[in-house]
Amino acid sequence: MDPVSIVPNVVPQIIVNFYPIAITIAIVTAAIGLSGVIIEKNDFQKILIIQIVTYAMLIIVAAVGTDLAEALILPGLVVSLAEILAVTEVLIFREYTKRGTNPPQLKKYKPIDMEVLKTAIPITSLLCVVYGTILTGFTGGAVAGAGILIYLFIGEPKGLSHDFWEEMSGVSGLAWCSWLLGFLLYFLNPRLWLVALFMSGGGIVIKVALKFGLLGILNREEFNK
Amino acid sequence: MISATGTLPLISFYLGLTLVLIGSLGVVFGPKTSKEPIVRIINLTVPSTGVALIFLSYNYTLAMLTFLSVNPILYIIMIRAIIRLEEMGGPIS
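Protein chains in written order, with the working numbering: chain Y, 1 to 225; chain R, 226 to 318.
Pulled out of the complex, with its shape left as it was, chain R reads as follows (with noise of 0.2 Å):
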């Protein structure tokens, strides 16, 4: 039986180091990330989710609420500089 007390903050914890692990695996050594800089913004997805469920089993309402509104905020900064860069031919890979 999954309880909100005891079991949920188990499930949510141990999903979210996987998440943190596999994703941080897949961001530095993901197929194609080294000459695609939009294909290890997408796998950094994987681990702020991850992050995102560690601070939903310790009950940090206000952090994860920053943490899930900040996420978007940093995707725009670092897609807007891709194609700033790619604009000029700069070294992206």
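Next comes chain Y alone, as it looks inside the complex (with noise of 0.2 Å):
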């Protein structure tokens, strides 16, 4: 069979046509970071190294060439973050134990003092926010977390006590929730498309911003008190 004709007539040619080449060079790219990893004695140099296969991956993932392989990749970029965080959070404590010395505390944080997080204007906030809004979806999200954020960060909330925002770390749960069940429909019923749409866009937003928002919040209490 030939292998053209599986793929859907809506994928441009350019992007068929890539796809052989992509593969073959990932794999190459693949080859030679696992052979620098065979070839390394050191703990953390094989870590610095195995980015390569990260990046092999990445262009693996990326030559299907359609909306999935974006949704794919953006967890992929934020587990190798995370993984990396912690391998070399693991080696340095491995070292102190070895040297039986403890780790040194934690300095004290000192909050950023800028001029222009106490002159700038509250009303650039709800900017924002508003034109998160409008726009939806994880972009749109991120612009009204960035107001939220702002808010947070210049003057003092008036009429908003601690409990409103533990209440708004619950909102973002439920919003969590119509993001899933908004995707559930598009594959149980295609013909509610448009609900499907509105509930995952509109669950995006909200949680995306409050998420935003927690960061201000955390910042706020842990360290600005």
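Only true hints are included.
SDA-like cross-link-like pairs, simulated, lysine to any residue; straight-line CA separation at most 25 Å:
| no. | chain 1 | residue 1 | chain 2 | residue 2 |
| --- | --- | --- | --- | --- |
| 1 | Y | Lys211 | R | Pro297 |
| 2 | R | Lys257 | Y | Ala31 |
| 3 | R | Lys260 | Y | Ala30 |
| 4 | Y | Lys46 | R | Ile263 |
| 5 | R | Lys260 | Y | Ile47 |
Stretches of chain Y that chain R covers, calculated by requiring three or more beta carbons in the stretch to come under 8 Å of a beta carbon on chain R:
| no. | segment |
| --- | --- |
| 6 | 13-21 |
| 7 | 46-55 |
| 8 | 64-76 |
To list a few chain R residues with every Cβ distance to chain Y over 10 Å, as calculated:
| no. | residue |
| --- | --- |
| 9 | Ile236 |
| 10 | Leu240 |
| 11 | Pro256 |
| 12 | Lys257 |
Worth flagging that the hints you see were computed from the coordinates, not collected in a lab. Every residue, glycine too, gets a C-beta built ideally from N, C-alpha and C.
Could you use the hints to bring the two separately framed chains together as a complex?
Right under this line is the structure:
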């Protein structure tokens, strides 16, 4: 069977032509990286070389050329970041235990003292939130979340108690559920695509915005008392 | 004539693949890399630029933006680990 015939017609020809080249180069890159892992003896150097294998994985996922690939790349990036952070932390603490010394205490954090955070007008945050709500989706959530962050960094929030932000984290979880249900609806009943689109788009905008806001409230409560 | 739909994706795709190949060779077998981990991190910027160019040729806006913003955080984490290990006189190379 001709391998091109299983590709849907909506995929552009240029991406179909890219596919074998990208896969070949990615496998060669992964082979180079893994040979480096075999040659190198030091643990920390191995972590640096493993990054090459991560890049090869990203190219293989990207070669699919649809929106699904983009959706798979984002978690891959975040997971690789978390993995590097965890492994370097383990290496450092192993070194401490080898030497029999206690790890040093964390230094006291000092919040940023910038003039622009005191003199900026609070309406900027409102503008960001409104514009982010109009945008919707992941990008809109980031813009709206930046608006909430600005509001938390400049001036004192009036009329918003600690319980309010606790409830907001609950709303964030509910929005996440609505995002998941929206995606499920696409597969269960594709005729309801408009409802599913609004559920998932609205869910993700609320979730991302509130996650950014939670970062701000954590900063305020931990360090800025 | 360079067109935004025909030629530019080709240029960025093949340039990105070349950068990934040469950069990965440089990271693994480059000079002085086995003694100085900082040289290895600097060499790592070459294949990461290649991957960003490949994302560009496939029109992955969000993936490219996230990749570009994750990379500096990665370098910060690695350099912090190098500093911590060297302060203790640990085995870096």
